[in-house]
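Novice: Listed below are the residues making up each chain.
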Amino acid sequence: MNIDSIYNGIVLDHITAGKSMQIYHDLELDKLDCSVAIIKNVKSNKLGRKDIIKIDQEYSVNLDVLGYIDPDITVSIIRDGETIEKKKVELPERLVNILICKNPRCITTTEQGIDHVFKLANREKRTYRCIYCEEDQQTVS
Amino acid sequence: MRHLIDPMDLDVQEIQELLELANDIIEHKDKYSEVCKGKKLATLFFEPSTRTRLSFEAAMIELGGNVLGFSSADSSSATKGESVHDTIQVVGCYADIIAMRHPKEGAPLFASLKSPVPIINAGDGGHYHPTQTLTDLLTIQREKGRLENLTIGFCGDLKFGRTVHSLIKALSRYDNIRYILISPPELQVPDYIRTEIFERNHIAYQQVERMDEVIQDLDILYMTRVQRERFFNEADYIRLKDTYILDTEKLKKARADLSILHPLPRVNEISTKVDDDPRACYFRQALNGKYVRMALIMKLLEVGGA
Ligand SMILES: [Zn+2]
Numbered sequence: 001m002n003i004d005s006i007y008n009g010i011v012l013d014h015i016t017a018g019k020s021m022q023i024y025h026d027l028e029l030d031k032l033d034c035s036v037a038i039i040k041n042v043k044s045n046k047l048g049r050k051d052i053i054k055i056d057q058e059y060s061v062n063l064d065v066l067g068y069i070d071p072d073i074t075v076s077i078i079r080d081g082e083t084i085e086k087k088k089v090e091l092p093e094r095l096v097n098i099l100i101c102k103n104p105r106c107i108t109t110t111e112q113g114i115d116h117v118f119k120l121a122n123r124e125k126r127t128y129r130c131i132y133c134e135e136d137q138q139t140v141s
Numbered sequence: 001m002r003h004l005i006d007p008m009d010l011d012v013q014e015i016q017e018l019l020e021l022a023n024d025i026i027e028h029k030d031k032y033s034e035v036c037k038g039k040k041l042a043t044l045f046f047e048p049s050t051r052t053r054l055s056f057e058a059a060m061i062e063l064g065g066n067v068l069g070f071s072s073a074d075s076s077s078a079t080k081g082e083s084v085h086d087t088i089q090v091v092g093c094y095a096d097i098i099a100m101r102h103p104k105e106g107a108p109l110f111a112s113l114k115s116p117v118p119i120i121n122a123g124d125g126g127h128y129h130p131t132q133t134l135t136d137l138l139t140i141q142r143e144k145g146r147l148e149n150l151t152i153g154f155c156g157d158l159k160f161g162r163t164v165h166s167l168i169k170a171l172s173r174y175d176n177i178r179y180i181l182i183s184p185p186e187l188q189v190p191d192y193i194r195t196e197i198f199e200r201n202h203i204a205y206q207q208v209e210r211m212d213e214v215i216q217d218l219d220i221l222y223m224t225r226v227q228r229e230r231f232f233n234e235a236d237y238i239r240l241k242d243t244y245i246l247d248t249e250k251l252k253k254a255r256a257d258l259s260i261l262h263p264l265p266r267v268n269e270i271s272t273k274v275d276d277d278p279r280a281c282y283f284r285q286a287l288n289g290k291y292v293r294m295a296l297i298m299k300l301l302e303v304g305g306a
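Line order of the protein sequences matches chains A and B. In terms of our numbering, the first sequence has 8 at position 8, counting the first letter as 1, and numbering is strictly consecutive. In terms of our numbering, the second sequence has 162 at position 162, counting the first letter as 1, and numbering is strictly consecutive.
Note that these hints are calculated values from the structure, not bench results. Incorrect hints may have been included.
Subject to a maximum C-alpha distance of 30 Å in a straight line, what follows is the list of computed DSSO-like cross-link-like pairs (lysine-lysine) [said to hold, decoys possible]: (1) A/K125 / B/K169; (2) B/K169 / A/K119; (3) A/K102 / B/K114; (4) A/K102 / B/K159; (5) A/K102 / B/K169; (6) B/K114 / B/K37.
Looking at chain A on its own, in the form it has when it is part of the complex (with noise of 0.2 Å):
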């Protein structure tokens, strides 16, 4: 299966397979009015399978939001035809308003209009602590 490739834009390539409508929904591609090419399923060397997303426009990806639902993926920005810079992503340290905490007791549980915040406890179970109550929350992955 070949989809074109693109001249000035942005490819998410080691997605995992299976979360690419996911990121296409929280990074609100549906949104942009360029094409958007969603590739699931691919075969991968690495990972077996991936899911690959391209998006012919340049376009500034929300890095914290993608190292969150998935940190193993690569941003390659294209332009004139040629990658000219390629980023890999990881597990931001700070969360604002992407975790919501779940601690019945927590103050962002009644305080209109607070930032749900929270900082990375521990890389490798990718635990989040919220600044708050400090209750640890585990990412979905």
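With chain A's structure known, arrange chain B with the ligand on it following the hints.
Specialist: Just chain B with the ligand now, kept in the frame of chain A:
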């Protein structure tokens, strides 16, 4: 600008300075009677805690300052009324420092991120109560003359007792403290205290079910309340309840220089007959709470050389 939210916000050196200042206040009260003249402390108690609030207010008054504030009749109104954010914006305009108690965990931290004046956490749910920890440290230091080389027994509800968790954490930074944890199996300290405090720092600890087995080994006995509703069944409660009550009979085995602490209020876990024993420190401890709050207010307001 500094706040005090978590007792661990202060390093060992800063705690030492605060305790020294508190001791100096105790010895030379007159010297400090006007250091906060013209300053206002706001006590914002979104849930009631009369003793803690009065301790803060007495502290500020003895420093020559003034107090204002409110105390909600019950904790549910805190979650229905004005937001923490708006309250802090308004009160921050006319107070120089704020002591805040709130039923929700993290509320004082959130307030500190928005506040134009220093915030002192006066208790946030089951989370932190740093001025209680400072009170405990001052009491241990005054009673024992040191904060290291001690055998400390914690007795009662060690699972839900935040004062115990905070004090264990704070003491883990001092040398050669032995911990003896006296509780029913269902009320033992949470796992994170065992793994993140004791095991990570290679600190010796012992878990036992009965106070009378270990009371003779203790320099300090820190008593807490055991609530009936924390037990899984009535039979266990009846079997164990007297084990966690300190009376003159159990005290016979204890050392002459034991210090008995309790964060108060007590229900029945210390017999009132123990009150007259010189080893009972809990009323002196309550008084120390006022002095350590005086020292803390001075430090955060940066007055009187603190
Ligand atoms: Zn929280």
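Novice: If a hint holds in the structure, say so; if it doesn't, say that too.
Specialist: The hints, checked one at a time:
1. A/K125 / B/K169: Since the Cα atoms of A/K125 and B/K169 sit roughly 24 Å apart, the hinted pair holds (cutoff 30 Å).
2. B/K169 / A/K119: Roughly 21 Å between the alpha carbons, so the hint for B/K169 and A/K119 holds.
3. A/K102 / B/K114: Cα-Cα ~23 Å, so holds.
4. A/K102 / B/K159: holds, 21 Å
5. A/K102 / B/K169: Holds: A/K102 and B/K169 sit about 25 Å apart, inside 30 Å.
6. B/K114 / B/K37: holds, 26 Å
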